[in-house]
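**Student:** The lines below spell out each chain.
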Amino acid sequence: MKRWIDANTWTLGLAVLLAILLVSTKLIQPDFGASGLDSLARAALPFALATVGMAIVVLAGGIDLSIAAMMAVASVTGAVLMEGASDGQSVLIVLGVLLLGLAMGAINGLLITVSKVPDIVVTLAMLFVWQGVALLILNAPGGGAAPWLRALSAGGIPGIDWLPRAVVFLAIITALIWVPIRRSKLGLRLYAIGSDPLAAFRSGVPVGQTRIIAYALCGLFAALGGLSVTMSTGIGEPIPGPYLLASVAAVVLGGVVLGGGRGGILGPILAVFILRTVRMDLTLLSVDPNVAAIIEGTIMVAVVMFGAVLATRGHKT
Amino acid sequence: MKRLLLGTAMALGLAGMAQAEGYKIGISNTVQGNGWREQMVCAMKAEALASGKVESLNIAHRNTDAAGQLEDIRNLIQAGVNAIVVNPSNAEGINAAIKEATDAGIVVVAVDQAVTEPSAYILSNNQTEYAYLGAKWLFEQMGGKGAVVYMRGAAGAGADNDRDVGFKKAMAEFPEITVAQEVFTGWQQDQGKQQINDIIAAGVPFQGIWTSGIDNVIVDALVESGAPMVPVVGADNAGFVGQLSSVEGLQGAAVTNPGSVGGAGVALAIQILDGKMPAEKTVLVDPALWENVTEEGKAKLAAAANPNLSPEWPVSVSIEGWTNYTMDQIIACKGPGE
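Residue numbers (the working numbering), protein chains in the order written: chain A, 123 to 439; chain B, -8 to 329.
No wet-lab data here; the hints were simulated from the structure.
Incorrect hints may appear among the rest.
Said to hold, decoys possible - Residues from chain A that face chain B, not an exhaustive set, calculated with beta carbons under 7 Å: (1) Gly135; (2) Ser161; (3) Pro168.
Claimed, not checked - Computed list of chain A residues with no C-beta within reach of chain B, every gap over 12 Å: (4) Asn130; (5) Phe169; (6) Leu388; (7) Ala415; (8) Val431.
Note that beta-carbon positions come from the ideal geometry of N, C-alpha and C, so glycine has one too.
Kindly produce the complete structure, drawing on both the sequences and the hints.
**Tutor:** If you want it as structure tokens, here you go:
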């Protein structure tokens, strides 16, 4: 038990911070309840899925600047195909979009591995490519979403009203995809190439292949994120939303080291909820919107700096 | 003495009632740092202040997508506002949150662009007409033939698509007009200037320029490069309106696209909260065209120019019959309690 707590101090700290924020939200707005939690969770869903994708790539020692553009491609592809489709067809469409996400991510990873050009350059270039692709598919917001898909993230769970469906959806998806990987050899390899690619290579880890898989997984989560945007808006939007910087911020705040190899998935997800709750509180307090952005950034830096201080202290004792 | 006490009590009572009547209005906007949108937000603040009926404004104003706007609107619902005035990021994407708001008894007014949710009131500039009016004037100036540089807004934006419809309608009426080059400025000054410089440098011949509101930098580029002056159509941004009177040899027209439609939206929301329902759920504000070719047009331009305005702000700072604030109030950009 103590070992588990030691290993997850940062994540526990984030959970406490989130709890404090939720309590203060209730103090600011006494009416805050199930519907408030629901809107918070629905707002957090695309950010959380993008953050999980980004976290996987960062853990494997990379970064994917094209994540928001891939989300846009997934969102418009889903929305265009789903317009007027039957329920059965839309299930196939969703699966197709997920495969498309895997493929887009794999292309990113393949280009990085084969060309040996730094990931930051390749994915920056791919950002423009995917942006163009999204606009080619749909040049203005439009399309549709299947009603069953839209219902997946709306409202609470029957019987447990306060628990938003969006949270359950996020937990199930992430657990289904990430937990088996984390526990398998592949999970070890992802961490290994993130902490030291050379050592990993000498220990027999197929570095290139693992890297491509990491980017493919990122693409998969980007597709899920894009679909979740379509789920909440009911349409596809070709212009990428603010998910790139937000996901990098949540990954860092969530305790994942940007160089790779250290951190988890739960921390970044909690970080997403913290950032959304801060945004909600700033709106509830009707803080000047230009000041609100400054406050958001300051909180982020303060928490990360506080964490760095804690980490150095921990090493001393 | 008794009278005095009674008077004070009544005054206090009235003040208390006024306090109770103070509305709480929420605002949601998804483009930040653009002159037009900043004027819109200032008009909203000024109208709320000038009405004397708004206790506080709750402003969600940032760069985000439709999903982010859903979040902002839901946060405003949580904040317990009486009305929400929103510049929708697109026509359909935020319907779910608007429905939740109106179901909760909140008045929702969409300004600038329309939404398809029937429970919302809409007060918007007629964007199709905006493009048609300017393009038609431009093609007439060009003598009905020649090549036009078509400088659009942001790819994928709703207003850009509406304007494209209007532009194409004018094109259809002038079969001898061709498009020399079509670019998306993204409604960014620097990007638009780079693009026109590239077009001039490439030697593409053109006889007219239509812009979607990125206008003064285009005139700057024509002047700086020494390229022959061609007719230019822009919006009623203060910088461009100034150029129409001052730049030698420039023929051009400004089409009004008032950002003050935001203030009109707040006025409409207050009217509805007061129980005065409008006859129609949708109100369209039609644009006007001010050109510098006729004396009449010149007079209109001179009347509209105002050196105190930021060059990126539209000069049409108010909408007759809707907004109640003064010029000083909108320039001050202060809402109730600020």
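**Student:** Hint proline 168 (chain A) vs chain B: min CB-CB distance below 7 Å?
**Tutor:** holds, 6 Å
**Student:** For alanine 415 (chain A), which was marked as not at the interface, is the minimum beta-carbon distance to chain B over 12 Å?
**Tutor:** violated, 7 Å
**Student:** Any CB of chain B closer than 7 Å to the CB of serine 161 (chain A)?
**Tutor:** At about 3 Å, which falls below the 7 Å cut-off, the nearest Cβ of chain B leaves the hint on serine 161 (chain A) intact, so it holds.
**Student:** Does the no-contact call for asparagine 130 (chain A) survive, Cβ to all of chain B over 12 Å?
**Tutor:** holds, 29 Å
**Student:** Does valine 431 (chain A) really sit off the interface, with its C-beta more than 12 Å from all C-beta atoms of chain B?
**Tutor:** holds, 30 Å
**Student:** Could you check if glycine 135 (chain A) really has its C-beta closer than 7 Å to a C-beta on chain B?
**Tutor:** violated, 25 Å
**Student:** If I take the minimum Cβ distance from phenylalanine 169 (chain A) to any residue of chain B, is it greater than 12 Å?
**Tutor:** violated, 9 Å
**Student:** Far enough from chain B: is every CB of that chain over 12 Å from the CB of leucine 388 (chain A)?
**Tutor:** holds, 22 Å
Comparing the model with each earlier hint shows violations of hints 1, 5 and 7; every other hint is respected.
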